[in-house]
Each structure stands twice: as C-alpha cells, then as structure tokens.
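Colleague: Take a look at the letters that make up each chain.
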Amino acid sequence: MRLGYPSSIRIIRVPCTGKVDVLHILRCFERGADGVAVVGCREGDCHYQSGNFRAKKRVERARQILEQIGIGGDRVRMFNLSSSDAPMFVRFAQEIHAAVLSAGPNPIRAARPARGAPTETAARAMAAVNR
Amino acid sequence: MIVAERKSIEEIVEQLAGVRSVLVLGCNECVTVCEAGGKKEVGLLASALRMVFLQQGREVNVGERTIERQCDTEYLEEVRDMMDSFEAVVSLACGVGIQFTAERYPSKPVYPGVNTCFMGAALERGVWAERCQGCGSCILAVTGAVCPITRCAKRLLNGPCGGSTSGKCEISKDVECAWQLIIDRLKALGRLEEYERLSPIKDWSTDRAGGPRKIIREDLRS
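Chains as they are written, first to last, in this note's numbering: chain A, 1 to 131; chain B, 132 to 353.
It should be emphasised that the hints constitute simulated quantities derived from the structure, not laboratory data. Honestly, I wouldn't trust all of these hints.
Stated by the list, open to error - Pairs of lysine-lysine residues, derived as BS3-like cross-links and limited to a Cα-Cα distance of at most 25 angstroms, are as follows:
| no. | chain 1 | residue 1 | chain 2 | residue 2 |
| --- | --- | --- | --- | --- |
| 1 | B | Lys285 | A | Lys56 |
| 2 | A | Lys19 | A | Lys57 |
| 3 | B | Lys304 | B | Lys345 |
| 4 | A | Lys57 | B | Lys170 |
| 5 | B | Lys299 | A | Lys19 |
| 6 | B | Lys138 | A | Lys57 |
| 7 | B | Lys318 | B | Lys304 |
| 8 | A | Lys56 | A | Lys19 |
| 9 | B | Lys318 | B | Lys345 |
| 10 | A | Lys56 | B | Lys138 |
| 11 | B | Lys304 | B | Lys285 |
| 12 | B | Lys318 | B | Lys285 |
| 13 | B | Lys138 | B | Lys299 |
| 14 | B | Lys318 | B | Lys239 |
| 15 | B | Lys239 | B | Lys304 |
| 16 | B | Lys333 | A | Lys56 |
| 17 | B | Lys333 | B | Lys345 |
| 18 | B | Lys138 | B | Lys171 |
| 19 | B | Lys299 | B | Lys285 |
| 20 | B | Lys170 | A | Lys19 |
| 21 | B | Lys171 | A | Lys57 |
| 22 | B | Lys285 | B | Lys333 |
| 23 | B | Lys333 | B | Lys318 |
As the list claims (entries may be wrong) - Across the chosen pairs, the derived CB separations fall in these ranges:
| no. | chain 1 | residue 1 | chain 2 | residue 2 | range |
| --- | --- | --- | --- | --- | --- |
| 24 | B | Ala253 | A | Glu67 | 36 to 46 angstroms |
| 25 | A | Glu67 | B | Glu234 | 48 to 58 angstroms |
| 26 | B | Leu287 | A | Arg31 | 34 to 44 angstroms |
| 27 | A | Glu67 | B | Gln146 | 16 to 26 angstroms |
| 28 | A | Ile11 | B | Leu320 | 52 to 62 angstroms |
| 29 | A | Arg61 | B | Gly293 | 42 to 52 angstroms |
We treat Cβ as the ideally placed atom computed from N, Cα and C, and that holds for glycine.
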C-alpha cells in the first residue's frame with residue numbers, strides 16, 4: 001500500500017499492549033517525547049484476552065499523572081486497530097501527530113538546562129533506576 | 132495487609148519545597164500488594180517528581196530505592212550508605228515504615244508519600260476492605276469469624292441494632308450489617324445457639340484505649 005505517516009513517530013514494538021506500563025509512558029516524557037500513542041489490537045481481539053484492556057487503564061492513569069504534573073494528559077492516547085489495517089494506523093498516527101502539534105513541545109525538553117548530554121541529576125537518576 | 136493510598140503528587144511536591152535531593156523509598160510488603168508504595172509506585176513517583184522539579188527550574192536529585200520492609204531495622208540499614216547523598220526521604224511505606232525510617236535516620240526529614248488507611252483484604256483487584264482493627268483481644272471465635280469491632284459501625288458486641296435493614300447498615304446501603312453477616316454465618320455453620328449467648332463486656336485496655344501498644348516476647352529477644 002506504501003502509505004505514508006508522519007516521520008516524527010518512532011515505533012517501539014512490544015509483544016502486547018498489556019506489556020506497556022504507566023512507567024514506560026512516563027519515562028518517554030521524562031526523556032523528552034512530545035507524545036505517546038499506545039496502539040493495541042481491537043477490543044475483544046486480544047490474543048492474551050485482556051492485554052489491551054489493561055493498557056487502556058494504564059494509559060488513563062498516565063494521562064492523569066501527566067495532567068497533574070503539568071505536561072498535559074492529551075499527549076498520550078490509546079488506539080485500537082487490527083494489525084492488517086494500515087489505513088487506520090495512518091489515521092491514528094496523523095491524529096496523535098496533530099494532538100502533539102496542538103499541545104506544543106514537551107515542556108521537559110525546554111526545562112532541561114542543556115540539551116544532548118544528560119544533566120548531573122539525570123545521570124544520577126538513571127544510575128538509581130538502573131541499579 | 133496494611134492498606135494505603137497514594138498521596139497526590141501535588142501534596143508531596145509541597146512537602147518537598149526547598150529540598151535539593153530526595154530519596155523515594157518504597158517498601159516491598161503490604162504497600163506493594165495494594166499498589167501504593169512498591170517498586171513500581173516508587174518509579175512512577177520519582178519520574179513524576181523529576182518532571183515537576185524540572186518544570187519548576189529546580190535541580191533536584193531524585194533517587195529511587197525499594198527495600199524489603201521499612202518496619203525492620205536490618206532492611207533499613209541497607210540504605211544507610213545512600214542516605215548520605217540525600218537531604219530528605221519520601222517514604223512510600225505505611226505509617227509504621229515512615230516512622231521507623233525516621234527513627235533510624237534521625238537527621239533526615241522523612242515525608243509520607245501515602246495515606247495509611249487500614250488493615251484489610253483485597254475483595255477483588257483494585258478493591259480493598261477493612262477487616263481488622265487490631266483490638267488486641269480477638270472475639271472471632273464466637274462471631275463466626277466476622278468481626279463486629281471492625282465491620283459494625285457501632286462496634287456492637289451484641290447486635291444487630293435497630294439500624295439494620297435488609298442486611299444493610301443504616302450508615303449506607305453499601306455497608307453490610309456485620310451482625311446480619313454473623314447471624315447468617317452462624318446459621319450456615321449450624322451454631323446459631325451461640326448467637327443467643329450474651330458477650331461479656333470487652334476488655335478495651337488491649338485496644339488503643341490503653342495507649343500505644345507493645346508486645347515483648349522474652350523467648351525471642353536476643
């Protein structure tokens with residue numbers, strides 16, 4: 001079909017959206033992502049029965065946290081589609097792209113003292129995370 | 132388990148005004164099971180705090196660590212080395228763990244990251260209900276293992292009262308009458324005659340009425 005979708009989107013593959021945790025979504029924003037789309041199978045079509053329903057709840061929780069901390073809950077969305085439905089994927093990609101454009105850049109990126117190399121705090125934080 | 136609820140991020144941020152480094156300290160026991168203060172919640176809170184501080188233009192070092200239990204000295208000792216790097220601690224343990232952490236590290240301000248609520252059980256995923264008030268003299272043997280101290284709003288020892296309607300308590304239609312549960316249970320066990328026996332006056336000195344409680348087991352002391 002060779003359909004195009006916004007080049008700003010980076011795809012991270014997971015075995016099932018049920019694997020996606022709230023923490024994964026928050027980490028994306030902490031590291032400067034402007035938006036996150038969790039794209040799962042259609043409701044009722046999950047190979048693992050309830051993976052996409054779990055993801056839906058986690059996305060909701062992530063939205064609440066992002067709203068509370070001033071990043072904006074609208075930057076994260078859950079989409080459901082069939083794996084063979086490329087035109088639908090393109091539509092969703094355009095939708096999250098538009099949502100991110102309207103929300104503007106992630107305020108975390110602007111707030112970081114220097115771009116590129118992680119700050120001392122971030123380095124220490126990462127060390128703590130990786131322990 | 133001891134059931135706790137997460138405090139709002141806003142409240143925790145307020146507590147940390149002026150702090151330049153903070154350790155978010157989780158507990159692997161009860162608060163992990165009720166998803167209020169385990170490793171995952173530590174990660175979420177730390178991540179959220181970092182983003183809040185960055186937006187406030189504050190350079191705050193946010194550390195993460197979850198230990199087995201915050202109510203035992205040996206586990207709290209595990210973080211002694213890393214404590215030096217932090218100005219303050221946000222503890223996601225229950226109230227016991229928060230206080231015990233503060234006792235072990237007297238020079239560190241320790242802030243609560245959760246509201247500790249009650250001793251309860253998980254009715255289903257995401258739903259917890261109180262089942263014990265730790266009154267110190269258990270009467271479950273005579274009440275068919277349904278606790279009227281916890282589950283009756285009036286803590287009646289000889290119930291039900293006149294506020295019991297269709298098995299529900301007058302305080303809310305969502306609250307079951309503990310004494311109706313006791314009667315139903317005793318009936319099912321074929322022990323309804325026990326319901327007829329009046330409970331004697333309870334010794335409340337073992338409850339909070341006697342002040343903060345302590346148990347000393349000489350056979351276990353070192």
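Colleague: Checking one constraint from the list: CA of Lys138/B to CA of Lys57/A, max 25 angstroms. Satisfied?
Modeller: Holds: Lys138/B and Lys57/A sit about 19 angstroms apart, inside 25 angstroms.
Colleague: Regarding the pair Lys138/B and Lys171/B, is the alpha-carbon distance no greater than 25 angstroms?
Modeller: Answer holds: Lys138/B to Lys171/B is near 15 angstroms, not above 25 angstroms.
Colleague: Quick one: are Ala253/B and Glu67/A within 36 to 46 angstroms, going by C-beta?
Modeller: violated, 28 angstroms
Colleague: For Lys239/B and Lys304/B, compute the direct alpha-carbon distance and say whether it is at most 25 angstroms.
Modeller: violated, 46 angstroms
Colleague: Is the hinted pair Lys333/B and Lys56/A satisfied, with a Cα-Cα distance of at most 25 angstroms?
Modeller: Distance ~49 angstroms between Lys333/B and Lys56/A Cα, so the pair is violated.
Colleague: Within 42 to 52 angstroms or not, the Cβ separation of Arg61/A and Gly293/B?
Modeller: holds, 43 angstroms
Colleague: Would you check the hint for Lys318/B and Lys345/B, treating anything up to 25 angstroms between C-alpha atoms as holding?
Modeller: With a Cα-Cα distance of about 37 angstroms, the restraint between Lys318/B and Lys345/B is violated, given a limit of 25 angstroms.
Colleague: Could you grab the alpha-carbon distance between Lys333/B and Lys318/B and see if it respects the 25 angstroms cut-off?
Modeller: holds, 24 angstroms
Colleague: Please check whether Glu67/A and Glu234/B have a Cβ separation lying inside 48 to 58 angstroms.
Modeller: Given range 48 to 58 angstroms: violated, Cβ gap about 36 angstroms.
Colleague: Against the 25 angstroms threshold, does the CA-CA distance of Lys333/B and Lys345/B hold or violate the hint?
Modeller: Holds - the C-alpha atoms of Lys345/B and Lys333/B are around 19 angstroms apart, at most 25 angstroms.
Colleague: Lys170/B and Lys19/A: Cα distance at most 25 angstroms?
Modeller: With a Cα-Cα distance of about 17 angstroms, the restraint between Lys170/B and Lys19/A holds, given a limit of 25 angstroms.
Colleague: Given the hinted pair Lys285/B and Lys333/B, is their Cα-Cα distance within 25 angstroms?
Modeller: holds, 14 angstroms
Consistency with the previously given hints fails for numbers 1, 3, 5, 9, 13, 14, 15, 16, 24, 25, 26, ordered from lowest to highest.
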